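Engineer: Each chain, letter by letter, is given below.
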Amino acid sequence: RKEVEQDPGPFNVPEGATVAFNCTYSNSASQSFFWYRQDCRKEPKLLMSVYSSGNEDGRFTAQLNRASQYISLLIRDSKLSDSATYLCVVNIPGGYQKVTFGTGTKLQVIP
Amino acid sequence: NAGVTQTPKFRVLKTGQSMTLLCAQDMNHEYMYWYRQDPGMGLRLIHYSVGEGTTAKGEVPDGYNVSRLKKQNFLLGLESAAPSQTSVYFCASRPGGAGANVLTFGAGSRLTVL
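Those sequence lines, one after another, are chains A and B.
For the first sequence, counting from 1, position 34 maps to 34 in my numbering; every step adds exactly one.
For the second sequence, counting from 1, position 14 maps to 14 in my numbering; every step adds exactly one.
These aren't lab readings, by the way, just hints derived from the structure by calculation.
Note that the coordinates shown come from a computational prediction; the quantities given were computed from them, not determined experimentally.
Fair warning: there could be bad hints in the mix.
[To be verified] Derived pair list, reagent style EDC-like, types lysine to aspartate or glutamate, alpha-carbon separation capped at 16 angstroms: (1) LYS98(A) with GLU3(A); (2) LYS98(A) with GLU59(B); (3) LYS79(A) with ASP39(A); (4) LYS42(A) with GLU79(B); (5) LYS106(A) with ASP39(A); (6) LYS98(A) with GLU30(B); (7) LYS45(A) with ASP82(A); (8) LYS71(B) with ASP26(B); (9) LYS79(A) with GLU15(A); (10) LYS106(A) with ASP82(A); (11) LYS70(B) with GLU52(B); (12) LYS2(A) with GLU59(B); (13) LYS14(B) with GLU59(B); (14) LYS106(A) with ASP38(B); (15) LYS106(A) with GLU5(A).
Could you build all of it, start to finish, from the sequences and the hints given here?
Structural biologist: What follows is the structure, encoded as structure tokens:
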């Protein structure tokens, strides 16, 4: 089983739609969780951290479910500019704080 | 604000040639990482460093060497390039400390080995 798993998509949604992605992780010792965004042929950039109580940043909401070991990202009122690949990132504490990336979920917002 | 700078951005090599990728960061970060990204595989850690003068192997270290002689620079070397090393390479850095988990990435280096 992969340490971090994501549905690769693509998710094709119309502008204005709400879309949600899930990401599951296998190591219960994981402590920090993030969503990164990666545009085509560009570097990943931090979208938002994921906190235990859930957190919101504008149209984006992130949730963590430790019992079921998954995190989620909800995007409301999708914009064309949201089209990208969304990477789930999990940090496991240890000697170098192992950072594990999911393979990403591709989102395409359609006019 | 340069952040993390990778050079070169593109390179084409022949099998058996050697080359070095340079990663430079100006944020005084302790930790630096080299990843490779291949279609359908996500980002895989090649080598990392937790401070000047220290390096360690990641998930896919074979065929690569690294050095961190200065805190701001992390070099990735390919001694004898193979077609399987065709990939996009990303360098990343972050501050030290348990709470400083966010990675800053360079723009990537696209390597093709013929």
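Engineer: Each of the hints needs a verdict: does it hold here or not?
Structural biologist: Hints, verified against the model:
1. LYS98(A) with GLU3(A): Satisfied, since the Cα-Cα distance of roughly 11 angstroms is no more than 16 angstroms.
2. LYS98(A) with GLU59(B): Holds. LYS98(A) to GLU59(B) sits at ~11 angstroms (cutoff 16 angstroms).
3. LYS79(A) with ASP39(A): holds, 14 angstroms
4. LYS42(A) with GLU79(B): This hinted pair is violated, its Cα atoms lying about 26 angstroms apart.
5. LYS106(A) with ASP39(A): holds, 10 angstroms
6. LYS98(A) with GLU30(B): holds, 15 angstroms
7. LYS45(A) with ASP82(A): Roughly 13 angstroms separates the two Cα atoms, so the pair holds.
8. LYS71(B) with ASP26(B): It holds: about 9 angstroms lies between the C-alpha atoms, which stays within 16 angstroms.
9. LYS79(A) with GLU15(A): Distance of about 5 angstroms is within 16 angstroms: holds.
10. LYS106(A) with ASP82(A): Holds, at roughly 10 angstroms.
11. LYS70(B) with GLU52(B): holds, 6 angstroms
12. LYS2(A) with GLU59(B): Cα-Cα ~13 angstroms, so holds.
13. LYS14(B) with GLU59(B): Answer violated: LYS14(B) to GLU59(B) is near 25 angstroms, above 16 angstroms.
14. LYS106(A) with ASP38(B): Holds, at roughly 15 angstroms.
15. LYS106(A) with GLU5(A): holds, 13 angstroms
Checked against the numbered hints above, the structure breaks hints 4 and 13 and satisfies the rest.
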